[in-house]
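Enquirer: Sequence:
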Amino acid sequence: MENTHVLEGYRDQEKGAYLGAVASIATADRAASEEEMQYIVTLCDAAGISAQQKDAVVRAASELSGDELKKCLDILKNSELKYALVTDIIAFAKADNHYAEEEQQKVKEISQYLGVDQNQFSLLNEFTDKAAAKDVPAEEKASPSFLSSLGLNDKLKNAGINSNSLMKGLLGIAGPIILGSIVSGAMRRRGRSTGMLGGMGGLIGGAGLGSIIGMLSGGRGFRNSGGLLGRILGRRF
Numbered sequence: 001m002e003n004t005h006v007l008e009g010y011r012d013q014e015k016g017a018y019l020g021a022v023a024s025i026a027t028a029d030r031a032a033s034e035e036e037m038q039y040i041v042t043l044c045d046a047a048g049i050s051a052q053q054k055d056a057v058v059r060a061a062s063e064l065s066g067d068e069l070k071k072c073l074d075i076l077k078n079s080e081l082k083y084a085l086v087t088d089i090i091a092f093a094k095a096d097n098h099y100a101e102e103e104q105q106k107v108k109e110i111s112q113y114l115g116v117d118q119n120q121f122s123l124l125n126e127f128t129d130k131a132a133a134k135d136v137p138a139e140e141k142a143s144p145s146f147l148s149s150l151g152l153n154d155k156l157k158n159a160g161i162n163s164n165s166l167m168k169g170l171l172g173i174a175g176p177i178i179l180g181s182i183v184s185g186a187m188r189r190r191g192r193s194t195g196m197l198g199g200m201g202g203l204i205g206g207a208g209l210g211s212i213i214g215m216l217s218g219g220r221g222f223r224n225s226g227g228l229l230g231r232i233l234g235r236r237f
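Residue numbers (UniProt numbering): 1 to 237.
Please keep in mind that the hints were generated in silico from the structure rather than gathered at the bench.
The calculated BS3-like cross-link candidates involving lysine-lysine, where the alpha carbons are at most 30 Å apart (straight line), are:
(1) 71 <-> 54
(2) 108 <-> 155
(3) 108 <-> 54
(4) 134 <-> 157
(5) 108 <-> 77
(6) 130 <-> 77
(7) 155 <-> 77
(8) 155 <-> 134
(9) 134 <-> 108
Distance windows between CB atoms, simulated:
(10) 129 <-> 157: 15 to 23 Å
(11) 100 <-> 51: 39 to 47 Å
(12) 45 <-> 149: 26 to 34 Å
(13) 51 <-> 151: 39 to 47 Å
C-beta: ideal position from N, C-alpha, C; glycine also.
Build out the structure end to end from the sequences listed, making use of the hints.
Expert: Set out below in structure tokens:
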């Protein structure tokens, strides 16, 4: 599992923008800690991005103005990875089982900013709920057969969503498990602690739909991202 290639098939800039957005939203109200930054850097290595893109991801995890996140979102507007990002944000917002109307509006406005229409958003929301409710081992949620079992392939295709992009993103289904294995293995080889991976809100080993943003946020919750996202979208949440 440690050989899994994260975000395979996407351009370097797309991968950097995706990981930068994830890192920025997860640390929206603060700069990433040293341990979180180690995780982010190792995640970049797992995706095989260039040094230039890695530097951009690190900046996104460090700055609080939202400028780097806006750059990432603007790049993702023209990438299929925007669907995987929206799915991960939905999973993150629902992780505490308290998906308030205010949070729903935030997520919806992020998706609109990315160019995801209402029908696509509804399908991604349905996909998130069905994937979370499916009672199968978490590892199986990373397989194409699991996606087919949800009965949404045709709907996603007709809405212009490539279902493979949700799988390649790895974040909407069992990404925390797969990437947790990649990162923990890399950190062990470097002699680093992997304690953080076991304490990210229980998302790595949970049977539900995981969220990489949730892992990086340390269980702080989606509502902590509101101020940063409000500045980016030009409105107060």
